[in-house]
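Asker: Here the protein sequences come in this chain order: A and B. Residues in the first sequence are numbered from 1 upward in steps of one, following my numbering. Residues in the second sequence are numbered from 1 upward in steps of one, following my numbering.
Don't take each hint at face value.
Unchecked claim - From chain B, some residues computed to sit far from chain A (all C-beta separations above 10 Å):
no., residue
1, Ser73
2, Asp74
3, Ala114
4, Asp136
5, Ser138
Stated by the list, open to error - Restraint ranges, calculated between C-beta atoms of paired labels, are given here:
no., chain 1, residue 1, chain 2, residue 2, range
6, A, Ala466, B, Ser137, 41 to 51 Å
7, A, Gly398, B, Ala41, 39 to 49 Å
8, A, Phe71, B, Gly72, 41 to 51 Å
Think of the hints as simulated: they come from the structure by calculation, not from any bench. Note that the Cβ used here is the ideal one computed from N, Cα and C, for glycine as well.
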Amino acid sequence: MAPAHTGIVSHSVSRLKQPALFGFLLAALITLPLAESVFQVPIQVSDSLEAIGIAAKYSSASQLLSDSLRFSTTTLRPMRYLQARWLLDAARRTNVTYNAVFRAAHVALLGLLVALFLLAVPVKNWTDLAAFSVALLVLLGIHTFVAMLQEAFPVNHYAEVGVCALAVFVIARQPPRWFFPILVCLLLACALSVIESGAMVWIVAVCCAAAGMRGMTRSSVMAATLVLGAYLLARYALEISSPGIGGHGSGFGATFYSPEDLKQRFAAHPLPFYAYNIGGALLSILFSEPRNGVYSLAIARDAGVAHPVVIINVLSSAMITAVIVWYAATRIGRSRAAWSDSERAFLVSCMVIIANAALNAAYMKDEIISVGGLFYAVAAFIAVRALLDTTPRRTPTGGALIAVLLATSAGLWAFRAAGMHYVLRYDAFKTRNDWVEVLRPDRREDWPRDERELAITRTIRDEVIARRVASPSFMPRWADRYWVE
Amino acid sequence: MSLDSGLGIRDSKVRLAGAAVMLPCVVLAAMSTWWFVAGLAGQGLWPPDDVTLAEAVATRNNAEALRLIALGSDPNSPSRVRDGLLTNGYDVLVTPVEAAVGAARADSLRMLLAVGARIDERERLVLRCYERTRHDSSVREILDAGASGEPDCAHVRLPVDRKD
Numbered sequence: 001m002a003p004a005h006t007g008i009v010s011h012s013v014s015r016l017k018q019p020a021l022f023g024f025l026l027a028a029l030i031t032l033p034l035a036e037s038v039f040q041v042p043i044q045v046s047d048s049l050e051a052i053g054i055a056a057k058y059s060s061a062s063q064l065l066s067d068s069l070r071f072s073t074t075t076l077r078p079m080r081y082l083q084a085r086w087l088l089d090a091a092r093r094t095n096v097t098y099n100a101v102f103r104a105a106h107v108a109l110l111g112l113l114v115a116l117f118l119l120a121v122p123v124k125n126w127t128d129l130a131a132f133s134v135a136l137l138v139l140l141g142i143h144t145f146v147a148m149l150q151e152a153f154p155v156n157h158y159a160e161v162g163v164c165a166l167a168v169f170v171i172a173r174q175p176p177r178w179f180f181p182i183l184v185c186l187l188l189a190c191a192l193s194v195i196e197s198g199a200m201v202w203i204v205a206v207c208c209a210a211a212g213m214r215g216m217t218r219s220s221v222m223a224a225t226l227v228l229g230a231y232l233l234a235r236y237a238l239e240i241s242s243p244g245i246g247g248h249g250s251g252f253g254a255t256f257y258s259p260e261d262l263k264q265r266f267a268a269h270p271l272p273f274y275a276y277n278i279g280g281a282l283l284s285i286l287f288s289e290p291r292n293g294v295y296s297l298a299i300a301r302d303a304g305v306a307h308p309v310v311i312i313n314v315l316s317s318a319m320i321t322a323v324i325v326w327y328a329a330t331r332i333g334r335s336r337a338a339w340s341d342s343e344r345a346f347l348v349s350c351m352v353i354i355a356n357a358a359l360n361a362a363y364m365k366d367e368i369i370s371v372g373g374l375f376y377a378v379a380a381f382i383a384v385r386a387l388l389d390t391t392p393r394r395t396p397t398g399g400a401l402i403a404v405l406l407a408t409s410a411g412l413w414a415f416r417a418a419g420m421h422y423v424l425r426y427d428a429f430k431t432r433n434d435w436v437e438v439l440r441p442d443r444r445e446d447w448p449r450d451e452r453e454l455a456i457t458r459t460i461r462d463e464v465i466a467r468r469v470a471s472p473s474f475m476p477r478w479a480d481r482y483w484v485e
Numbered sequence: 001m002s003l004d005s006g007l008g009i010r011d012s013k014v015r016l017a018g019a020a021v022m023l024p025c026v027v028l029a030a031m032s033t034w035w036f037v038a039g040l041a042g043q044g045l046w047p048p049d050d051v052t053l054a055e056a057v058a059t060r061n062n063a064e065a066l067r068l069i070a071l072g073s074d075p076n077s078p079s080r081v082r083d084g085l086l087t088n089g090y091d092v093l094v095t096p097v098e099a100a101v102g103a104a105r106a107d108s109l110r111m112l113l114a115v116g117a118r119i120d121e122r123e124r125l126v127l128r129c130y131e132r133t134r135h136d137s138s139v140r141e142i143l144d145a146g147a148s149g150e151p152d153c154a155h156v157r158l159p160v161d162r163k164d
């Protein structure tokens with residue numbers, strides 16, 4: 001017979017694990033249909049088809065890798081083409097459709113993001129669980145999250161960077177291990193090889209070290225800095241420059257400008273535009289406004305009417321940002337040695353949000369601030385948890401007000417998170433119809449010349465046309481005004 | 001000093017606040033479960049609707065129109081378009097090209113013509129008159145190609161006119 005104290009211990013352990021289990025269950029239940037919505041979006045024509053065509057044309061992966069280093073004068077993204085090739089090979093080997101394989105990759109990225117978030121904000125008791133239930137909605141409902149699942153190039157690189165950045169953060173929360181520097185370097189190298197925003201992984205590592213998180217040792221940061229240095233050297237050797245103003249369209253005030261217009265308006269004196277973009281990116285993470293540089297509130301002011309989606313987004317974000325600001329304000333002035341793990345994690349989140357905003361200097365895009373969006377959710381968890389912790393010390397009215405504020409905010413965020421299904425279905429409809437314009441019988445002169453590229457284009461097109469998706473015409477009419485900005 | 005009870009909830013105030021805060025997430029999780037389970041049976045959140053070829057065109061769903069044609073739908077046969085898409089208050093029976101004109105979709109019209117839809121002179125007059133009620137310059141450009149002057153629509157019955 002087991003001793004009595006063993007029973008008490010195992011009972012206590014199981015009780016401790018209960019909130020974590022509920023947290024996992026909530027995340028899994030909400031993510032499952034979301035994964036289905038992500039899976040329904042077909043392979044895109046814009047940004048994806050070109051990369052897939054290039055990947056299909058090459059007879060060897062090594063030749064593709066070597067040539068991809070010279071594909072662009074402003075980007076170095078060798079893994080973009082290589083992973084497209086791997087996924088094409090996987091589809092052929094498994095006899096699964098190309099669409100299924102490419103979309104499964106995105107479903108996997110969604111699963112990884114949610115799983116890493118669960119690890120990043122450990123749920124140990126019921127108060128944690130309450131805070132987690134808000135933070136999870138913030139994670140999924142923020143506009144920068146759906147941006148990681150909508151676009152594909154043909155795999156969304158921002159989602160890959162998000163996974164790597166969160167993984168580094170999770171590593172930093174653990175006790176140090178000998179292999180952490182290697183892991184951090186691998187994650188950074190992966191992120192940098194798909195897109196320039198991969199530098200965010202290095203920023204997360206540096207922020208974790210600066211905040212004194214125990215898993216991020218000096219050797220990890222030094223090794224990661226060496227990897228970043230090697231990457232920058234490679235860019236220099238390959239004469240790859242960074243895109244400046246005019247490399248991409250972006251908004252200013254109430255208007256979205258084309259690259260040419262931006263160049264004409266701001267190239268001569270770029271500093272105010274840079275400041276506008278950095279400030280705007282920060283506001284976008286904290287208040288869901290502006291979007292891609294455009295202030296919907298400014299449009300609403302001119303038009304005299306604001307769409308409900310703008311009000312819901314701004315209000316929900318403002319409430320959570322207020323809690324985050326309250327948390328920061330109550331911790332100012334405390335010595336570094338006295339910081340708790342949560343306070344260090346909170347500081348990292350704030351630093352990452354600010355650094356991510358700075359990456360938007362040349363142009364603003366929801367995807368670029370997606371890592372900032374992930375860490376906004378982490379900061380929300382820590383701040384909401386701390387606010388809930390204060391309720392026993394408050395008057396009944398104060399406690400009730402906090403509960404109402406957080407529940408209202410959570411309700412709005414839940415509504416935003418539910419809207420992802422609508423946005424993704426809308427995208428699936430639009431993307432599927434984009435394929436009608438590919439290989440048009442009356443435009444044979446536009447068809448690919450290469451036989452392999454033509455064959456793969458035809459197969460993917462046939463697959464997409466055969467995949468039935470929901471039409472917005474048969475979805476609720478009100479949804480556009482409440483979920484699409 | 002921790003005031004935690006065994007469950008980590010410090011007192012009823014925290015418990016109440018925590019429950020209120022968790023409610024939206026729990027509701028979304030319950031709804032998500034329903035969407036997922038129903039989705040496995042093909043009845044989840046906003047499943048694809050069964051549409052006729054004309055309805056696919058009327059709802060700007062060219063890809064679905066192509067799929068239906070590939071499955072054997074005739075691009076020249078009229079089919080039902082439900083109330084609210086081209087008309088208000090009643091269903092209509094129209095051909096896919098008529099639906100394209102009604103939806104003011106030049107791209108749909110062009111696609112239908114490329115995959116075998118035919119327009120004879122009588123139908124062209126009807127379509128041109130129908131377009132005059134919709135006003136789409138790109139559709140007009142396609143329908144007016146080769147025609148001279150304005151069509152005489154005085155005695156033309158439009159495809160969406162209600163049958164008495």
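Asker: Each hint needs a verdict: does it hold in this structure or not?
Answerer: Now the hints, each set against the structure:
1. With a cut of 10 Å on Cβ distances, serine 73(B) stays outside the contact zone with chain A, its closest approach being about 13 Å.
2. No beta-carbon of chain A is positioned within 10 Å of the beta-carbon of aspartate 74(B); the least distance is around 18 Å.
3. Remark: the non-interface label on alanine 114(B) conflicts with the geometry, its nearest Cβ contact in chain A lying 5 Å away (cut-off 10 Å).
4. Non-interface status of aspartate 136(B) relative to chain A is upheld: no Cβ of that chain comes within 10 Å, the nearest being about 18 Å off.
5. Listed as outside the interface, serine 138(B) is consistent with that label: its C-beta sits roughly 15 Å from the nearest C-beta of chain A, beyond the 10 Å cut-off.
6. At about 33 Å, the CB distance of alanine 466(A) to serine 137(B) disagrees with the hint of 41 to 51 Å.
7. Between glycine 398(A) and alanine 41(B) the beta carbon distance is about 48 Å. The supplied range of 39 to 49 Å therefore holds.
8. Between phenylalanine 71(A) and glycine 72(B) the Cβ separation comes to about 43 Å, which falls inside the hinted range of 41 to 51 Å.
Hints 3, 6 from the earlier list are contradicted by this structure; the remaining hints agree with it.
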